[in-house]
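Those protein sequences? They're chains H and D, same order as listed. Just so we're aligned, residue 295 is where the first sequence starts under the numbering used here, counting upward by one. Just so we're aligned, residue 295 is where the second sequence starts under the numbering used here, counting upward by one.
Careful, some of the hints might be misleading.
Any copy will do: because identical chains look the same in the list, a pair fits if it lies in one copy or spans two.
Stated by the list, open to error - Derived DMTMM-like pairs: lysine to aspartate or glutamate, alpha-carbon spacing no greater than 25 Å straight-line:
(1) Lys644 to Glu675
(2) Lys419 to Glu665
(3) Lys411 to Glu423
(4) Lys572 to Asp616
(5) Lys312 to Glu642
(6) Lys419 to Glu575
(7) Lys411 to Asp648
(8) Lys527 to Glu640
(9) Lys527 to Glu540
(10) Lys572 to Asp621
(11) Lys312 to Asp639
(12) Lys356 to Asp639
(13) Lys392 to Glu637
(14) Lys392 to Glu534
(15) Lys312 to Glu637
(16) Lys644 to Glu407
(17) Lys312 to Glu640
(18) Lys661 to Glu540
(19) Lys356 to Glu448
(20) Lys646 to Glu407
(21) Lys419 to Glu430
(22) Lys529 to Glu485
These are calculated hints, taken from the structure and not from any lab test. Keep in mind the model is a prediction, meaning the values are calculated, not measured.
There are 2 protein chains.
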Amino acid sequence: MSLPLGYRYAATYAGIRKQQQDDVALIVPDRVAQAAAVFTRNIVQAAPVRLSRRHLQSSGGKVAAILVNAGNANCATRTGDSVAMASCRTVAKALRTKVRYVLPASTGVIGVELNPKLLVEAVPKLAAELSREGFEAVARAILTTDTRVKMASEQVHFRKGTVRIAGMAKGSGMIHPNMATTLAFVMTDAELPAPALRQMLMRATERSFNALTVDGDTSTNDTLALLASGASKVKPDAKERKVFEEVLTWVLENLAEQMAADGEGARKLIRIRAAGFKATEDARRVARTIANSPLVKTAIAGSDPNWGRILAAAGYSGVAFDPSRIDIYLQRVLVCRSGVAAEFDEQELKRKLDEPEVHIRIVQEGKGQAEARFFTCDLTEGYIRINGSYRT
Amino acid sequence: MSLPLGYRYAATYAGIRKQQQDDVALIVPDRVAQAAAVFTRNIVQAAPVRLSRRHLQSSGGKVAAILVNAGNANCATRTGDSVAMASCRTVAKALRTKVRYVLPASTGVIGVELNPKLLVEAVPKLAAELSREGFEAVARAILTTDTRVKMASEQVHFRKGTVRIAGMAKGSGMIHPNMATTLAFVMTDAELPAPALRQMLMRATERSFNALTVDGDTSTNDTLALLASGASKVKPDAKERKVFEEVLTWVLENLAEQMAADGEGARKLIRIRAAGFKATEDARRVARTIANSPLVKTAIAGSDPNWGRILAAAGYSGVAFDPSRIDIYLQRVLVCRSGVAAEFDEQELKRKLDEPEVHIRIVQEGKGQAEARFFTCDLTEGYIRINGSYRT
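With these hints in hand, go ahead and build the complete structure from the sequences.
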């Protein structure tokens with residue numbers, strides 16, 4: 295991975311989670327970075343989400359540090375706000391920067407008081423251990439029920455030089471559009487102002503994290519932050535910004551796909567494409583409803599080409615369509631033509647459904663051009679095992 | 295069970311499902327009954343649903359027979375309409391009644407052609423075997439992945455005499471508001487006209503089946519029919535009709551609760567009550583979102599008092615509320631007060647959550663009077679096992 299210039303990272307174990315495994319981390323640009331972030335749309339928002347939002351607003355999109363912890367969401371507790379504030383103050387002091395330049399982020403259990411001492415005491419240690427190479431350690435420290443570290447990076451070669459984008463993400467289980475228990479931190483060394491970052495981030499999120507669902511739940515803590523250090527000294531012009539945004543979207547898509555593939559108990563990544571609808575929003579809703587259907591997701595887990603469940607899910611999506619114009623493809627095999635069963639080799643298709651990536655395509659013929667993608671994972675017994683005993 | 299007067303029933307094995315177990319049944323009022331029905335709101339509707347709707351419309355709410363089969367949904371196939379029509383014709387001929395007085399209903403796999411011969415050949419046998427006592431046999435014949443027969447009955451004593459209501463239902467897995475893979479047939483011997491039945495059925499359904507969810511999926515075949523034979527010779531007046539509707543609602547609630555308790559893999563019935571919202575629709579949406587949350591349902595399966603997930607689900611329901619005014623009760627124990635953790639004995643509550651019935655109550659203080667109920671079941675590994683291999 296080629297990391298963006300101008301950042302240092304550190305992670306350590308503060309004792310917030312039970313297992314002895316890094317649970318707090320710091321991301322620090324060499325100079326105050328331009329920044330943008332998107333947050334959960336859940337009405338119940340964790341203290342760090344509310345504080346990060348305020349800090350970004352009052353700083354006009356400037357970030358000198360991200361402090362993140364796993365193991366406790368710092369949400370729905372009496373002391374949530376004061377804990378978040380205390381931790382930001384400590385970081386500001388250690389790094390000699392302004393409190394409003396610090397973004398806090400947390401993930402973990404809701405409703406359990408987070409001991410501020412654990413965070414506050416970890417900060418000097420983190421500040422002392424910052425290094426250019428700490429990227430992966432931070433990516434590891436933010437994980438909860440994830441089984442794999444999630445990182446992605448890209449380079450873009452512009453006329454005036456190369457810029458780098460690298461992101462890390464944590465997310466499993468509750469992942470869903472409007473972003474559930476997703477933490478993602480994306481760094482670039484391009485020189486870009488906060489308002490431009492914000493526009494790009496919002497559009498790129500729509501096409502990546504917001505097209506992802508694991509179980510339909512959304513969380514109280516989701517945070518996706520984008521920092522631009524400017525350390526490459528390359529300032530993309532209007533045209534180059536389009537390219538930058540496209541590459542940023544790839545990085546986010548890549549992270550989102552890693553999250554889907556690592557959904558709790560997941561064995562398969564499912565890609566859904568809905569096409570032939572009148573409006574993009576219709577196509578999106580059909581794809582999303584299929585992605586959220588437990589019956590579809592268990593069928594895929596069992597390599598069962600039960601396309602009737604896909605058709606039925608589309609049917610209750612709330613989108614008006616003509617069932618007799620619907621074609622459905624599973625692993626590129628036509629299984630439903632004009633709303634009724636097509637001829638296909640069931641045994642062969644079952645074998646194809648054993649692959650780690652499953653493609654579902656649903657197309658309405660002759661009614662429109664709009665299409666949309668969505669991705670998710672299969673629903674296995676592992677999901678139940680993990681979530682029946684997460685807290686205790 | 296005291297059965298309504300004026301009905302006969304029969305069930306037999308027609309070879310539609312693989313296991314040798316009755317899969318086709320007939321319900322026949324002695325005289326043409328007044329009737330009403332509600333059907334799935336899925337855009338994809340099975341042939342028998344579309345035909346039943348047409349028949350009820352053209353007959354003005356008259357039914358001489360219900361023909362029902364399990365094992366094949368007769369949906370999304372080339373021959374669906376002609377199979378449904380052929381089966382109704384055969385019934386009309388055997389019972390010497392009009393084709394439009396026959397309601398067909400089917401449940402089972404989607405997209406597999408249903409051999410009309412199997413249905414047509416079973417009808418004379420069914421007609422010959424009709425009996426007053428066949429109620430339970432029919433209730434058994436309509437089951438698919440259900441593990442238990444679902445029946446409920448009530449009597450109402452009016453001034454002029456007693457009327458009876460008895461219902462049977464089939465439903466597991468896909469059960470959800472707007473009625474997924476629910477078949478329910480409710481018979482009464484009261485004397486009531488079709489338009490009154492229709493009004494009462496719609497209101498009673500809203501408070502029972504439409505407040506039930508197992509996995510958020512809705513089906514292509516849901517049918518809930520209410521027949522009134524008039525054989526009691528008791529004709530409820532305007533005031534008595536209100537009582538009748540209340541008792542009808544109990545019967546439907548009872549059936550819906552049996553369905554929730556028998557959700558695929560379910561071990562616990564979950565009752566959710568949301569109160570203190572501005573509008574009933576808001577309370578309903580909060581309760582429904584909690585009922586549909588896989589994270590809440592797996593926590594309950596694991597007897598984990600993880601109320602944070604309940605709060606988070608309410609938060610993404612789309613209903614505006616003030617999190618700092620939310621109280622949550624689990625098994626009548628206050629676990630969250632004013633949006634933050636309350637003190638409670640976790641071990642004791644875990645034991646209480648092992649009970650087969652779990653109560654969740656979420657209340658907003660001082661913002662409104664509206665409340666709503668919803669029920670569902672826990673989400674266990676059994677659900678995955680059943681649905682990963684239902685078709686094959």
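Hint check:
| no. | hint | result |
| --- | --- | --- |
| 1 | Lys644 to Glu675 | both (19 Å within a copy, 22 Å between copies) |
| 2 | Lys419 to Glu665 | neither (50 Å within a copy, 51 Å between copies) |
| 3 | Lys411 to Glu423 | within (19 Å within a copy, 78 Å between copies) |
| 4 | Lys572 to Asp616 | within (12 Å within a copy, 37 Å between copies) |
| 5 | Lys312 to Glu642 | between (46 Å within a copy, 22 Å between copies) |
| 6 | Lys419 to Glu575 | neither (48 Å within a copy, 51 Å between copies) |
| 7 | Lys411 to Asp648 | neither (49 Å within a copy, 36 Å between copies) |
| 8 | Lys527 to Glu640 | neither (57 Å within a copy, 56 Å between copies) |
| 9 | Lys527 to Glu540 | within (20 Å within a copy, 74 Å between copies) |
| 10 | Lys572 to Asp621 | within (16 Å within a copy, 43 Å between copies) |
| 11 | Lys312 to Asp639 | between (50 Å within a copy, 21 Å between copies) |
| 12 | Lys356 to Asp639 | neither (58 Å within a copy, 44 Å between copies) |
| 13 | Lys392 to Glu637 | neither (66 Å within a copy, 37 Å between copies) |
| 14 | Lys392 to Glu534 | neither (32 Å within a copy, 73 Å between copies) |
| 15 | Lys312 to Glu637 | between (54 Å within a copy, 22 Å between copies) |
| 16 | Lys644 to Glu407 | between (48 Å within a copy, 20 Å between copies) |
| 17 | Lys312 to Glu640 | between (47 Å within a copy, 18 Å between copies) |
| 18 | Lys661 to Glu540 | neither (29 Å within a copy, 46 Å between copies) |
| 19 | Lys356 to Glu448 | within (23 Å within a copy, 68 Å between copies) |
| 20 | Lys646 to Glu407 | between (48 Å within a copy, 24 Å between copies) |
| 21 | Lys419 to Glu430 | within (18 Å within a copy, 71 Å between copies) |
| 22 | Lys529 to Glu485 | within (5 Å within a copy, 82 Å between copies) |
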